[in-house]
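**Student:** Given these sequences and hints, build the entire structure.
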Amino acid sequence: MQISKDNIQRSFSKASKTYESSAIVQNTMAYELIDFLPKKSFDTVLEIGCGTGLLSSLLLNDLKLSSLTLNDLSLDMLNLCKEKFKDTKLFKENKLSFLQADADSLELHDNYSLIISNACFQWLKKLEGDLLNYVEHLQKEGILAFTIFSKDNFYELRECSGVSLEYIDKSTLKKILKKTHCAFDIEKIELESYFDDVKTMLRSFKNTGVSGLTHSIWTKSRLNDFIKTYEDKYSTDNGVKLTWSYYLVVVKK
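In our numbering, the protein residues as written are 42 to 294.
None of the hints are false.
Calculated lysine to any residue pairs in the SDA-like style (CA-CA distance at most 20 Å, straight line): (1) LYS167 / ASP143; (2) LYS166 / ASP145; (3) LYS127 / SER98; (4) LYS269 / GLY280; (5) LYS192 / LYS215; (6) LYS133 / ASP103; (7) LYS181 / ASN152.
Just so you know, these hints were derived from the structure itself, not from any lab.
**Tutor:** So, in structure tokens, the structure goes:
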């Protein structure tokens, strides 16, 4: 299942005020991505798909940066980041910039010591070309670091509804990364989250901008069938289960 960029932009803009309080797993992913980075300082940094700034906050607080550019498709998300980071040292020194653009058509004119992205690249329509483009715009010994959801992500949803985004498998990801002619590391992570009921789970999708994933499911009868099937198969003592599966990736130029 593919979702148009217009729908992606619309969904994330609508979720700009609810994203951060609901994006618990995405926040965990951001911390893990920072920990997965080589321990070094970075000069010029580009974050692709910054959202409300979950990862951006860690970049600003935990790393030594000379400059940071935050990119997102949603202007609402960027405006939140501008307000959120207006008191930071880089902002006051005019070394924190904001770029509204589609990551699939991002025209880069600078080279960066770090290009980083969290929970964004699964939305790219041209993943191979984009990754090669990002690596091309790394400085010597620069780093491309990102998380991307795997084909096992939300497998419960796929099994109960037949609907899923076109997530990537590890072998395909490795083939793409080998074309960069750079060293790279990949680590697969799986996390489980639990919800009081299926409707609460679906509401969390909407609050984090991924409601497009479930739009095709909901006639009233299909919704009721889906809820019953899901709760019959995946109810636990902790609530209904949802599995997140993703890769941590670091490419070293």
